[in-house]
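Protein chains in written order, with the numbering used here: chain A, 42 to 184; chain B, 333 to 411.
Hints were generated in silico from the structure; no laboratory data involved. Don't take each hint at face value.
The list that follows gives simulated cross-link-like pairs (lysine to aspartate or glutamate, DMTMM-like), each with its CA atoms no further than 25 Å apart [as the list claims (entries may be wrong)]:
{"hint": "1", "chain 1": "B", "residue 1": "K344", "chain 2": "A", "residue 2": "E103"}
{"hint": "2", "chain 1": "A", "residue 1": "K81", "chain 2": "A", "residue 2": "E148"}
{"hint": "3", "chain 1": "B", "residue 1": "K392", "chain 2": "A", "residue 2": "E121"}
{"hint": "4", "chain 1": "A", "residue 1": "K100", "chain 2": "B", "residue 2": "D370"}
{"hint": "5", "chain 1": "B", "residue 1": "K396", "chain 2": "A", "residue 2": "E103"}
{"hint": "6", "chain 1": "B", "residue 1": "K344", "chain 2": "B", "residue 2": "E358"}
{"hint": "7", "chain 1": "A", "residue 1": "K140", "chain 2": "A", "residue 2": "D68"}
{"hint": "8", "chain 1": "A", "residue 1": "K76", "chain 2": "B", "residue 2": "D376"}
{"hint": "9", "chain 1": "B", "residue 1": "K396", "chain 2": "B", "residue 2": "E353"}
{"hint": "10", "chain 1": "A", "residue 1": "K100", "chain 2": "B", "residue 2": "D376"}
{"hint": "11", "chain 1": "A", "residue 1": "K100", "chain 2": "B", "residue 2": "E350"}
{"hint": "12", "chain 1": "B", "residue 1": "K373", "chain 2": "A", "residue 2": "E104"}
{"hint": "13", "chain 1": "B", "residue 1": "K346", "chain 2": "B", "residue 2": "E358"}
{"hint": "14", "chain 1": "B", "residue 1": "K400", "chain 2": "B", "residue 2": "D388"}
{"hint": "15", "chain 1": "B", "residue 1": "K334", "chain 2": "B", "residue 2": "E358"}
This structure is a prediction, so every number in the text was calculated from the model and none was measured.
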Amino acid sequence: MDKCCCNAKSRLVYSCSGAANTGEIADQVSRKLAKEGYGKMTCLASVGAHISGFVQSAKGAEENITIDGCSINCAKKILEHIGVTPTKSYIVTEMGVEKGKTPVTEEIINEISSKIKKGISSKAEQENNGEGDKNSGCSCCSC
Amino acid sequence: MKIEILGTGCPKCKKLNELVEEAASELSVLVEIIKVTDINKIIDYGVMVTPALVIDGNVKVAGKIPSKEEIIRWIKEKK
Numbered sequence: 042m043d044k045c046c047c048n049a050k051s052r053l054v055y056s057c058s059g060a061a062n063t064g065e066i067a068d069q070v071s072r073k074l075a076k077e078g079y080g081k082m083t084c085l086a087s088v089g090a091h092i093s094g095f096v097q098s099a100k101g102a103e104e105n106i107t108i109d110g111c112s113i114n115c116a117k118k119i120l121e122h123i124g125v126t127p128t129k130s131y132i133v134t135e136m137g138v139e140k141g142k143t144p145v146t147e148e149i150i151n152e153i154s155s156k157i158k159k160g161i162s163s164k165a166e167q168e169n170n171g172e173g174d175k176n177s178g179c180s181c182c183s184c
Numbered sequence: 333m334k335i336e337i338l339g340t341g342c343p344k345c346k347k348l349n350e351l352v353e354e355a356a357s358e359l360s361v362l363v364e365i366i367k368v369t370d371i372n373k374i375i376d377y378g379v380m381v382t383p384a385l386v387i388d389g390n391v392k393v394a395g396k397i398p399s400k401e402e403i404i405r406w407i408k409e410k411k
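Same shape as in the complex, but just chain A:
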């Protein structure tokens, strides 16, 4: 929670809570992003349960970012259910993760987090940005 509510940009991050590797990666990525100050991770289940504080926070935040594990897109759909369109939605299976196969490692969490910070939501977008080759370009920062 920011000390000053006037100037702080409010960006809330919602992760799906799926049981598969994809849900775990989405969750860990969200926690890493929150720790690094990208946004505040909040509780998707509470939004789904219509807990007033969480619902109103979603409606009042400047940005709502959803990180889903797969194309079922629960996080995005839960927000849409309360009338909120996510500012940006990410699906980890569209970012190089295979459901049931890709192991949950620090490396993959770092990779997905980095892509999200750069606003890259898919492999196609990454290639369009000229970042298809991991060995090329700048890799010194995660901005």
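Using the hints provided, position chain B relative to the given structure of chain A.
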């Protein structure tokens, strides 16, 4: 009726407090206005963005200042 204003005390929180007092005055309703500045208590409400307005335990708005008309409507709904 208990109205809580959640926030750390910045100008937006003060503006919200003013609006609540004006709304209550216009309706001639007796309300207890409580300012909640403790971060842990704010989080307990599930509020992630401030300022926020809570009426009898129900968060009516968070992250923005409502209009006085909205506040009046919420108070009337609770009367």
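Okay, the hints, checked on the actual structure:
Among the hinted pairs, K344(B) with E103(A) is consistent with the structure: their alpha-carbon atoms are about 15 Å apart, no more than 25 Å. At most 25 Å may separate the alpha-carbon atoms for a hinted pair to count; K81(A) and E148(A) meet this at roughly 22 Å. For the suggested pair K392(B) and E121(A), the alpha carbons sit about 19 Å apart, so the restraint of at most 25 Å is met. Straight-line distance between C-alpha atoms of K100(A) and D370(B) comes to about 22 Å, which keeps the hinted pair within the 25 Å bound.
Restraint check for K396(B) and E103(A): the C-alpha separation of about 10 Å stays at or below 25 Å, so the hint holds. Proximity of K344(B) to E358(B) is assessed by CA-CA distance (about 21 Å); at most 25 Å being required, the pair is judged to hold. Pair hint K140(A) plus D68(A) holds up; C-alpha atoms about 14 Å apart against a cutoff of 25 Å. As the CA atoms of K76(A) and D376(B) are separated by approximately 20 Å, the hinted pair is consistent with the 25 Å bound.
Pair hint K396(B) plus E353(B) holds up; C-alpha atoms about 17 Å apart against a cutoff of 25 Å. A hinted pair counts as satisfied when its Cα atoms are at most 25 Å apart, and K100(A) with D376(B) qualifies at roughly 18 Å. Taking the CA atoms of K100(A) and E350(B), the gap is about 23 Å. The hint holds against a cut of 25 Å. For the suggested pair K373(B) and E104(A), the alpha carbons sit about 23 Å apart, so the restraint of at most 25 Å is met.
For the proposed pair K346(B) and E358(B), the alpha carbon gap of about 18 Å is at most 25 Å, so the pair holds. Only pairs whose Cα atoms come within 25 Å are accepted, and K400(B) paired with D388(B) is accepted, the gap being roughly 18 Å. The straight-line distance between the Cα atoms of K334(B) and E358(B) is roughly 17 Å, inside the 25 Å bound, and the hint therefore holds.
Hint compliance for this structure: no hint is broken.
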